[in-house]
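K.L.:
Residues per chain, in single letters:
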Amino acid sequence: MEAKEIWERLEEKFSGRVHGFKGDVFDPYLHVEPQAAVEVCRYLRDDPGLKFEVLSDLTALDWPKEEKIQLVYHLYSYTHRHQIVLKADLPREAPVIFTMEEIWKAANWMEREVFDLFGVVFDGHSDLRRILLPEDWVGHPLRKDYVEQEEYDGISTQRAPLVEKLLR
Amino acid sequence: MSAMNEATAGEGAAFQTEDMIINVGPQHPSTHGVLRFVVRTDGEVIRSALPDVGYLHRSIEKIGEKVTWHGFVPYTDRADYLAAMFANQGFCMAAEKLGGIEVPRRAEFCRVIACELNRIASHLISVGTFGQDIGAITPFLHALRERETINNLMEEICGARLTYNYIRIGGVGYDITQETCGRIGAFLDHFELIVDEYNRLLSYNKIFVERLVQVAPISLEDAFQYNIVGPNLRACGLRWDIRRDIPYSLYPELDFDVPVGTGEKGILGDCYDRYMVRILEMQESCKILRQSLRMMPKGPAIAKVPRKFKPPAGEAYIRIESARGDMGFYVVSDGSEYAYRVRFRTGSFTAMGLVEKLSRGIMVADLIALIASLDVDAPEIDR
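Chains as they are written, first to last, in the numbering used here: chain P, 177 to 344; chain H, 123 to 505.
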């Protein structure tokens, strides 16, 4: 199914809670209200005409100027061989969204990664811990304003500039 | 149990067992890199194995935001050092998609040849270490011997043996010469027979087969739920290969089969199927290589790309079939010299998410077989 048809079906079913469809880009995407994301995804997975069996990818984008963190869901259907991209905008100060774990189990690890690197909290997640960084790491590195902590566990994370080293 | 407890406890209580926590890794040779599992066992039976990843996290995605588009290509090698060519290709394809760059036909052939050679090398490691993990050292040495030849060929093609930096935005770094093509052909003549040797040595070895059949089967439903990709997905019986089903590069012009698991020795989707799919895939790669060597036209090996490459603002998602399956590259540009966001989606990461579920109720020794069969690669998990 073409992305435009998917969008039309969604718009009809969830009018007001999905918006901002963009079909003239490489990978057509649409925006979904964070509160409605789980419901929309369940429909996308279960509807026999859509059948998005897999959550290919879940990641986020940080837009400090617009004060938002944007979650990006790449969905794919093996049955119908079509794909769609969903985006959900969250406030940058306190980004919270409901977990997709009950729709796709793969979301468990992907959401942990987004939590780890962006600080997005997934409500209802079964095991929301850091996954790539140590538990006691400070900050979320993929945010644009991230400042690396100076030392971790007594080990410096800084490196003296090469020139200074040579002059010494 | 002390005598006093024994006296007070009931008859049945004397046979009660206690769960034991065992730490596997992070420096265990069978974990293929730096991987750690916290295993809760009841005797020999695993109650659960919790994977603990992140030991090899090098923040490649953050680096992608700090260096130029061209400058990031060498970093992509490090995402998966057993199959570096695919990350090269994926990132470059994503950049080309954004920038609207046409890749010369000869360069596409160079890419296909380099990638398929790399696929064979990666599968050789997978198959070889599989035997080693189960306790057979000899097949590993046989596999590495062949891989050595591929490494030599790669060195000839691009000057590096592991981290290639061969595929560039717009084409490839160096053309493949006629002499190298000849040597690749000679290697194929030799290697196609060697696959048979592996089958006699390992694939149909009774002990090896017994260790793998019916161990940790993955159902197709689980594969979808957990987003299992690549050879692991095909082992579940789904004939799905990005090269064939979402075609990219020159793969639509090339003729090859997509091997799937059949459950020939045990049940569909067990460790043996996952092993066998990789053996068969190596033969398919040989087919692709032969065709590419024959069809390669003359021409330039790289398109003209400005040194200050600034793709227009926008985003692109690319899927390629790496040795570990569907590798996704999501790049966002804001029109500047640096990428706004680079994201790698890798097959090993999602496969590790399934380990906890698969490990329930299997034996401790089978956990090693399971990890080997998934062919997870620690650097690719952690990036």
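Check each hint, because a few of them may be wrong.
Stated by the list, open to error - Partial selection, computed: residues in chain P whose CB lies under 8 Å from chain H:
1) F197
2) H207
3) V230
4) T235
5) E242
6) W280
7) L308
8) V314
9) L318
Since the hints were made in silico from the structure, they are not lab data.
None of the values given here were measured: they were computed from a predicted structure.
Don't be surprised by glycine CBs; every beta carbon is placed ideally from N, CA and C.
K.L.:
Hints broken by the structure, by number, lowest first?
P.N.:
1, 2, 5 and 8
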